[in-house]
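Asker: Just so you know, the sequences run in chain order R and H.
Quick note on the working numbering: the first sequence kicks off at 24 and runs consecutively.
Quick note on the working numbering: the second sequence kicks off at 24 and runs consecutively.
A hint or two may mislead.
Label pairs and their in silico Cβ distance ranges [said to hold, decoys possible]:
(1) H:Glu118 / R:Thr229: 56 to 64 Å
(2) H:Lys337 / R:Thr229: 38 to 46 Å
(3) R:Glu262 / H:Lys104: 51 to 59 Å
Chain R side only, calculated, beta carbon under 8 Å to chain H, not exhaustive [unchecked claim]:
(4) Ser286
(5) Ser331
(6) Gly358
Computed cross-link-like contacts, PhoX-like style, restricted to lysine-lysine with a CA-CA straight-line distance of at most 20 Å [as the list claims (entries may be wrong)]:
(7) R:Lys337 / H:Lys221
(8) R:Lys83 / R:Lys182
(9) H:Lys104 / H:Lys144
(10) R:Lys30 / R:Lys144
(11) H:Lys356 / R:Lys104
(12) H:Lys30 / H:Lys144
(13) R:Lys104 / R:Lys144
(14) H:Lys287 / H:Lys83
(15) H:Lys144 / R:Lys356
Since the hints were made in silico from the structure, they are not lab data.
The beta carbon of each residue, even a glycine, is placed where N, CA and C say it ideally should be.
Number of protein chains: 2
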Amino acid sequence: MSVTAAKGFTAAGIAAGIKENGNPDLALVVNTGPRRAAAGVFTSNRVKAAPVLWSEQVLKGGAVTAVVLNSGGANACTGPKGFQDTHATAEKVAEVLEGHSAGEVAVASTGLIGVLLPMDKLLPGIGTAAAELSAHGGEKAAIAIKTTDTVHKTSVVTKDGWTVGGMAKGAGMLAPGLATMLVVLTTDADLDAATLDKALRAATRTTFDRVDSDGCMSTNDTVLLLASGAAEVAPEYAEFAEAVRAVCDDLGQQLIRDAEGASKDIRIEVVNAASEDDAVEVGRSIARNNLLKCAIHGEDPNWGRVLSAIGTTKAAFDPDQLNVAINGVWVCKNGSVGEDRDLVDMRYREVRITADLAAGSAEPVVIWANDLTADYVHENSAYSS
Amino acid sequence: MSVTAAKGFTAAGIAAGIKENGNPDLALVVNTGPRRAAAGVFTSNRVKAAPVLWSEQVLKGGAVTAVVLNSGGANACTGPKGFQDTHATAEKVAEVLEGHSAGEVAVASTGLIGVLLPMDKLLPGIGTAAAELSAHGGEKAAIAIKTTDTVHKTSVVTKDGWTVGGMAKGAGMLAPGLATMLVVLTTDADLDAATLDKALRAATRTTFDRVDSDGCMSTNDTVLLLASGAAEVAPEYAEFAEAVRAVCDDLGQQLIRDAEGASKDIRIEVVNAASEDDAVEVGRSIARNNLLKCAIHGEDPNWGRVLSAIGTTKAAFDPDQLNVAINGVWVCKNGSVGEDRDLVDMRYREVRITADLAAGSAEPVVIWANDLTADYVHENSAYSS
Numbered sequence: 024m025s026v027t028a029a030k031g032f033t034a035a036g037i038a039a040g041i042k043e044n045g046n047p048d049l050a051l052v053v054n055t056g057p058r059r060a061a062a063g064v065f066t067s068n069r070v071k072a073a074p075v076l077w078s079e080q081v082l083k084g085g086a087v088t089a090v091v092l093n094s095g096g097a098n099a100c101t102g103p104k105g106f107q108d109t110h111a112t113a114e115k116v117a118e119v120l121e122g123h124s125a126g127e128v129a130v131a132s133t134g135l136i137g138v139l140l141p142m143d144k145l146l147p148g149i150g151t152a153a154a155e156l157s158a159h160g161g162e163k164a165a166i167a168i169k170t171t172d173t174v175h176k177t178s179v180v181t182k183d184g185w186t187v188g189g190m191a192k193g194a195g196m197l198a199p200g201l202a203t204m205l206v207v208l209t210t211d212a213d214l215d216a217a218t219l220d221k222a223l224r225a226a227t228r229t230t231f232d233r234v235d236s237d238g239c240m241s242t243n244d245t246v247l248l249l250a251s252g253a254a255e256v257a258p259e260y261a262e263f264a265e266a267v268r269a270v271c272d273d274l275g276q277q278l279i280r281d282a283e284g285a286s287k288d289i290r291i292e293v294v295n296a297a298s299e300d301d302a303v304e305v306g307r308s309i310a311r312n313n314l315l316k317c318a319i320h321g322e323d324p325n326w327g328r329v330l331s332a333i334g335t336t337k338a339a340f341d342p343d344q345l346n347v348a349i350n351g352v353w354v355c356k357n358g359s360v361g362e363d364r365d366l367v368d369m370r371y372r373e374v375r376i377t378a379d380l381a382a383g384s385a386e387p388v389v390i391w392a393n394d395l396t397a398d399y400v401h402e403n404s405a406y407s408s
Numbered sequence: 024m025s026v027t028a029a030k031g032f033t034a035a036g037i038a039a040g041i042k043e044n045g046n047p048d049l050a051l052v053v054n055t056g057p058r059r060a061a062a063g064v065f066t067s068n069r070v071k072a073a074p075v076l077w078s079e080q081v082l083k084g085g086a087v088t089a090v091v092l093n094s095g096g097a098n099a100c101t102g103p104k105g106f107q108d109t110h111a112t113a114e115k116v117a118e119v120l121e122g123h124s125a126g127e128v129a130v131a132s133t134g135l136i137g138v139l140l141p142m143d144k145l146l147p148g149i150g151t152a153a154a155e156l157s158a159h160g161g162e163k164a165a166i167a168i169k170t171t172d173t174v175h176k177t178s179v180v181t182k183d184g185w186t187v188g189g190m191a192k193g194a195g196m197l198a199p200g201l202a203t204m205l206v207v208l209t210t211d212a213d214l215d216a217a218t219l220d221k222a223l224r225a226a227t228r229t230t231f232d233r234v235d236s237d238g239c240m241s242t243n244d245t246v247l248l249l250a251s252g253a254a255e256v257a258p259e260y261a262e263f264a265e266a267v268r269a270v271c272d273d274l275g276q277q278l279i280r281d282a283e284g285a286s287k288d289i290r291i292e293v294v295n296a297a298s299e300d301d302a303v304e305v306g307r308s309i310a311r312n313n314l315l316k317c318a319i320h321g322e323d324p325n326w327g328r329v330l331s332a333i334g335t336t337k338a339a340f341d342p343d344q345l346n347v348a349i350n351g352v353w354v355c356k357n358g359s360v361g362e363d364r365d366l367v368d369m370r371y372r373e374v375r376i377t378a379d380l381a382a383g384s385a386e387p388v389v390i391w392a393n394d395l396t397a398d399y400v401h402e403n404s405a406y407s408s
């Protein structure tokens, strides 16, 4: 169902020939109204891809009529020509949809950095995609934005008369600074751009922003939320925000479960921090510790590596009061040896680490990460070749 | 020659039985004077091993008569008992050497975090080591501090009538915040503790502090510099500082070349930064990018991953003016596609990355890193088992 679960949207996904292997590589999502409100969050990487620079400007207007997305090339680090290509892509979409302005067409790209897109394939593909637009095209659109993803990712929450749905892609270079890879959410709720923006920022802050698969922040991260108003319902903000959060959370989980080469999903919960910022800093430090990620891969409850990661942060804590549980066993108590590590059962894909900072009463924070595997090394040592 | 290259030092390395496989695991280095000046730098990890907490106190006095080092256990995250064990170790050294104070005995440990040391093996081992102390014992001491190191590391610089020598160990959890793993340097120059401290801090800041093998900062990093004065020569500060820097640089290079699982040594030079701090931040960000480390392993000159790493920093730069060379080929110019990437020859172990920030005129900064390999994953997923 994906981006067409909500009323007022059509979508398509086709193979334009951008990918040499002939797989689908171009998606088009169109808001058929009546409303065309939109919000977006983008990578905080200072090296931003051309489509990010373009779409940031588009979103400032608070209105998006269409989103065109391609896999097979990130169009990042491609200079003035790359930006011209993004502009031409938006113009082409406006042209084939008729009566639309390129200034309301968001563009997103994903794939290898530093390569120009084959515009001779991409531009004709837009015409093909427009001809296939359908209120049932969400699934095909989700498939067309995959790169190293092994499955496509979609999620839908339906409430009383209105719906939030979406699609996502992402499997590597997955440590969002503000958003993650490419995500398009749609809703038929009748809400303005400012409300969408508030709900989207709140949702991404606690979902995609807390996914840290490999510590590498992309140049292309884009999350868009489009509202058509077609349901003719204006839900309460809190209910709407929770629906957006739920879809983001579900998509974020799907990203982690499909992360390149991963064999374990690591749920890191930081409790009793002095502040939420402290908890996030500690969780992220644990999430990015390569030695710990290797240990988890080896099903080794090596809590010393958790403590050494905590110790590199500026968070408030006393080293002699730290407690760490792995899969419910408190292997570290008061900064020292706790329960028998042999009690920890790590056979399953999900591994839960709880870090108790004993420093305050901030709400628990959860960061999701993956293990580090030989498959990750293999996949990423051969990606551009 | 190691720590006994300089006059006024004896050393020993023995197998005390701390390691279950019977390999050497205990080293003793003794300053026989006439002077016993010393300086030390330690990990900036806030979770510090018991021997670090002990030795930091010892070094405050500016005098060290002996250093006892063990492999086979880090004595980190071991609570009050761990600290008592370190104290007992220093007392035992003072006892067997006769006429010395435990307050002038530095202790260093390395190995698995979170396990108490077998004191029933370690304490008798100190007596055995003391009986083997010799002015030719430096090599054996260097061997006894190895953990996953495949070779022992020593270095010596001899000047006009005086010498600086040393030994180091370290192969994983190698991203010093202030120092790296275990290093003992000795000199027979006749210098006081304050001069040693100044020279040591200056040397580590541009050598060990710029080695970043795997982004993981240890709980046990310790670098000591001991002066015996036995050469009866007080060299000029600049000449002495340069000798210390040269030995630190050489040992740092040996650590990188022996890093766990590594197949490539990556020399990252950041040029034209606005400040030295900017250059270090950018170099370290590149050094820690797992995707780039995988690409280098695959001999893939994937410069887009260099730019995405630079983009996560706060350093001054304009994305459209960044230039990147890999092994001398400027594959990225002005933030976009530069020379043909197929010109890059990556067959050799050393890979040189130059990042030109085009933002200022700070002196170039070099950070050394390693690639990320399946062997690293294998070694570190099985280490504690």
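Asker: Looking at the structure, which of the earlier hints fail to hold?
Answerer: When the structure is compared with the hints, numbers 2, 4, 7, 8, 10, 12, 14, 15 turn out to be violated.
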